[in-house]
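Residues per chain, in single letters:
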Amino acid sequence: DQQVKQNSPSLSVQEGRISILNCDYTNSMFDYFLWYKKYPAEGPTFLISISSIKDKNEDGRFTVFLNKSAKHLSLHIVPSQPGDSAVYFCAASAEGRSQGNLIFGKGTKLSVKP
Amino acid sequence: GAGVSQSPSNKVTEKGKDVELRCDPISGHTALYWYRQRLGQGLEFLIYFQGNSAPDKSGLPSDRFSAERTGESVSTLTIQRTQQEDSAVYLCASSLLGQGISPLHFGNGTRLTVT
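Line order of the protein sequences matches chains A and B.
Residue 21 in the numbering used here sits at position 8 of the first sequence, with consecutive numbering throughout.
Residue 199 in the numbering used here sits at position 44 of the second sequence, with consecutive numbering throughout.
If we strip away everything but chain A, and leave its shape as in the complex, we get (with noise of 0.2 Å):
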């Protein structure tokens, strides 16, 4: 049973173009939401964060947005750029429980064609 689902593998955009990633949730007591970035034969390295007494984060080209009553968020690039290319992770957590446990989706591939 997955608690973080994203539900796109795959996703293409043209460079300079907005890139928007989705992620869907099922756990109401998930309190604090992340998206990580993996390059291939890396570990994933921290992108942004959001609490949920927030609805938008804002760094640089990314904003997350989240939407608690629908249990969903996404991760917004503008402008995609080619080094975005990589895979992006939502990851979960829920204060309260082992604070470790981040609870991560598969993934969606993000290619930024030139």
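Just so you know, not all the hints are guaranteed correct.
Derived coverage of chain A by chain B (criterion: at least 3 residues anywhere in the stretch with Cβ under 8 Å from a Cβ of chain B; other residues may be distant) [what the hints assert, rightly or not]:
1) 50-62
2) 116-125
Straight-line Cα separation of at most 25 Å, SDA-like style, residue types lysine to any residue; simulated pairs [unchecked claim]:
3) A/67 to B/260
4) B/172 to B/240
5) A/119 to B/211
6) A/119 to A/75
7) B/170 to B/233
8) A/18 to B/213
9) A/122 to B/193
10) A/18 to A/114
11) A/122 to A/75
12) A/18 to B/211
13) A/69 to A/26
14) A/18 to B/242
Just a few of them, taken from the derived set where beta-carbon distance is under 10 Å, the chain B residues facing chain A [stated by the list, open to error]:
15) 158
16) 159
17) 161
18) 188
19) 203
20) 213
21) 248
22) 263
Hints in this document: simulated from the structure, not taken from any laboratory.
The C-beta atom is built at its ideal place from N, Cα and C for all residues, glycine as well.
With chain A held as given, fit chain B onto it using these hints.
Chain B only, in chain A's frame:
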């Protein structure tokens, strides 16, 4: 200093053999985590160490899996009597505060292939 270091980077072993994977976390990071990623799957939580607290072993898939950590330093993940379904990339991560809201710093992983 350096990031999270894992060794070996690749390991091929025969079914039934034991393997030991090593993780050196970032110095000063109190929390250490093991995840694995099987082909086409997301990251699967295995075990979590936080300071001197008892580790959270809730993600270990079977009693063939065990992990140890010496103080706030090196950790080893041991898989006994390996099976083909154990083939995966095993990722170690560390974080400063040991809280879910503190981003994890991952190593590059150990790719384990069980033949």
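To see whether the hints hold, each was checked on the structure:
1. Look at the region 50-62 of chain A against chain B: 7 of its residues bring a Cβ nearer than 8 Å to a Cβ of that chain, three or more, so the hint holds.
2. Evaluation of the coverage hint for the region 116-125 of chain A: fulfilled, as 5 residues show C-beta separations to chain B shorter than 8 Å, against a requirement of three.
3. For the given pair, residue 67 of chain A sits about 24 Å from residue 260 of chain B by alpha-carbon distance, which is consistent with the 25 Å threshold.
4. A C-alpha spacing of about 13 Å is found between residue 172 of chain B and residue 240 of chain B, which places the hinted pair at or below 25 Å, so the restraint holds.
5. A C-alpha spacing of about 22 Å is found between residue 119 of chain A and residue 211 of chain B, which places the hinted pair at or below 25 Å, so the restraint holds.
6. This hinted pair checks out: residue 119 of chain A and residue 75 of chain A have alpha carbons roughly 20 Å apart, not beyond 25 Å.
7. Distance check on the hinted pair: residue 170 of chain B and residue 233 of chain B sit about 14 Å apart at the alpha-carbon level, within 25 Å; holds.
8. For a cut-off of 25 Å, the pair hint linking residue 18 of chain A to residue 213 of chain B stands: about 21 Å separates their Cα positions.
9. For the suggested pair residue 122 of chain A and residue 193 of chain B, the alpha carbons sit about 16 Å apart, so the restraint of at most 25 Å is met.
10. With a C-alpha separation of about 16 Å, the suggested pair residue 18 of chain A and residue 114 of chain A falls inside the 25 Å cut-off, and the hint holds.
11. Under the criterion of a C-alpha separation no larger than 25 Å, the hint pairing residue 122 of chain A with residue 75 of chain A is consistent with the structure, at around 16 Å.
12. For the proposed pair residue 18 of chain A and residue 211 of chain B, the alpha carbon gap of about 24 Å is at most 25 Å, so the pair holds.
13. The hinted pair formed by residue 69 of chain A and residue 26 of chain A meets the criterion: a straight-line CA distance of about 23 Å does not exceed 25 Å.
14. Proximity of residue 18 of chain A to residue 242 of chain B is assessed by CA-CA distance (about 23 Å); at most 25 Å being required, the pair is judged to hold.
15. Nearest Cβ of chain A to the Cβ of residue 158 of chain B: about 8 Å, under the 10 Å cut. The hint holds.
16. For the restraint placing residue 159 of chain B at the interface with chain A, the shortest Cβ-Cβ distance is roughly 7 Å, inside the 10 Å limit, so the hint holds.
17. Annotation: interface hint on residue 161 of chain B holds; nearest CB of chain A at approximately 8 Å, less than 10 Å.
18. Given hint, residue 188 of chain B at the interface with chain A, holds; its Cβ is 5 Å from that chain's nearest Cβ, closer than 10 Å.
19. Taken as an interface hint, residue 203 of chain B checks out: its beta carbon lies about 3 Å from the nearest beta carbon of chain A, inside 10 Å.
20. Because the beta carbon of residue 213 of chain B sits about 7 Å from the nearest beta carbon in chain A, less than 10 Å, this interface hint is met.
21. Hint on residue 248 of chain B holds. Least Cβ distance to chain A is approximately 7 Å, under the 10 Å limit.
22. Because the beta carbon of residue 263 of chain B sits about 5 Å from the nearest beta carbon in chain A, less than 10 Å, this interface hint is met.
Against the hints set out earlier in the document, no violation occurs for any number.
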